[in-house]
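Since the structure of chain V is already known, use the hints to place chain W on it.
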Amino acid sequence: MALKVRVWRGKEQGAFTTYEVAREESQTVLDVVVHIQRHLEPSLSFRYACRVGMCGSCAMNVNGVARWTCRTHVSKVVAGDELEIAPLSNLPVIKDLATDMREFFDKWARAKGQFKGSKTRHDDFARVEPASKERLAADAGIECIGCGICYASCDVVSWRPDFLGPAALNRAWTLVNDQRDTQQGERLRAVAGDAGCHACHTQGSCSERCPKQLAPSAAIAGLKRLTGRMAVRGKL
Amino acid sequence: MTTAATQAKLWYAMRISSMVLAVCVLLHIATVIYAVRGGLSAAEILGRTHGNWFFGAFYVVFVVACSVHVPLGLAAIAREWLGVRERMALVFAQVVGLVILLMGLRAVYGVVAG
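The listed protein sequences derive, respectively, from chains V and W. Numbering of the first sequence is given in the numbering used here, commencing with residue 223 and proceeding in unit increments. Numbering of the second sequence is given in the numbering used here, commencing with residue 228 and proceeding in unit increments.
One chain only, chain V, in its complex shape (with noise of 0.2 Å):
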């Protein structure tokens, strides 16, 4: 049995072509990928790196959801014998299936995403309390791989392209909850308001998505909370 592939070949401008790829035990999204590009058309643009669902590049709208390929096994996501393979959602196209990240990574950036403590090598270990309520929650975010399913994914990201995104967000969140930390009020600041955690309407396709099943929402949901408490005291 032959798979009917429609790849997006193009730009933002573009149409889908047709390819038929031979059915194989095990095939993953991305094995398809391959084929098409070492086989049958070897223009065909994509990223990809690590093939074991670490480096997060390869993801990709099949049939219309947003995926990680390597670790989707075409059994899972066929609809007949047909694939339907498109750039992720919400980002620009640079060509076929690859898209510009850079929006995306700045946003982490704009959210205060980076780590700032502030021990110095001479400093003896931090001692972080393993069962903690912070390191709990730090912990139920720190997996993310970056793949931009999530962001793909929320609609308010395409209604509001300023919006910040579930993923910074939830990175974010993860320093919020690092008591090493020492931008904090700057980092609370980053994230409040309508480009912000406060955009957010908790549809949840985030956390459905996530590849690695973490719950940006709920960590979106903390942000409202603590920078709610916050403003209101006057502390933001």
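Simulated from the structure, these hints should not be mistaken for laboratory data. Just so you know, even glycine gets a beta-carbon here, dropped at the ideal spot from N, CA and C. Honestly, I wouldn't trust all of these hints.
Straight-line Cα separation of at most 25 Å, SDA-like style, residue types lysine to any residue; simulated pairs [to be verified]:
1. V/K457 - W/S245
2. W/K236 - V/W330
3. W/K236 - V/F238
4. W/K236 - V/L448
Facing chain W, from chain V, some residues (calculated, C-beta under 7 Å) [unchecked claim]:
5. W381
6. R382
7. R411
8. D416
Leaving out everything else, chain W in the frame of chain V:
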């Protein structure tokens, strides 16, 4: 340009007002279900509400919560769906809030004291 702190406060106001509304709506619906058992007429409604200051206070709270909650929600819709700018959206919200507040309080006054 509204600051992040203002936006956070507005969100907080929306959240608190939604909590108040949740209680108010339940009580309101329970009252409606109870009240319509014997049919609904203006005389019957006014007979129950006229001079009832508990009723009046309850609906004043209800109206105030609406006048906070509804405009903020409409402002969000105006921003996201109609692309209205932040400042315009907040002006729009204030006008809607004021209209709801005045109409609501006038209605409460009408059935309690008018």
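The hints, checked one at a time:
A distance of roughly 24 Å separates the Cα atoms of V/K457 and W/S245; the hinted pair therefore holds under the 25 Å criterion. Under the criterion of a C-alpha separation no larger than 25 Å, the hint pairing W/K236 with V/W330 is consistent with the structure, at around 24 Å. At most 25 Å may separate the alpha-carbon atoms for a hinted pair to count; W/K236 and V/F238 exceed this at roughly 47 Å. Restraint check for W/K236 and V/L448: the C-alpha separation of about 11 Å stays at or below 25 Å, so the hint holds.
A distance limit of 7 Å between C-beta atoms decides the matter here; for V/W381 the minimum to chain W is near 4 Å, and the interface restraint holds. For V/R382, the suggested interface contact is upheld, since its CB lies about 6 Å from the closest CB of chain W, less than 7 Å. Interface restraint check: V/R411 against chain W, minimum CB-CB distance 5 Å, threshold 7 Å, status holds. Residue-level restraint check for V/D416 holds (minimum Cβ-Cβ distance to chain W is 5 Å; threshold 7 Å).
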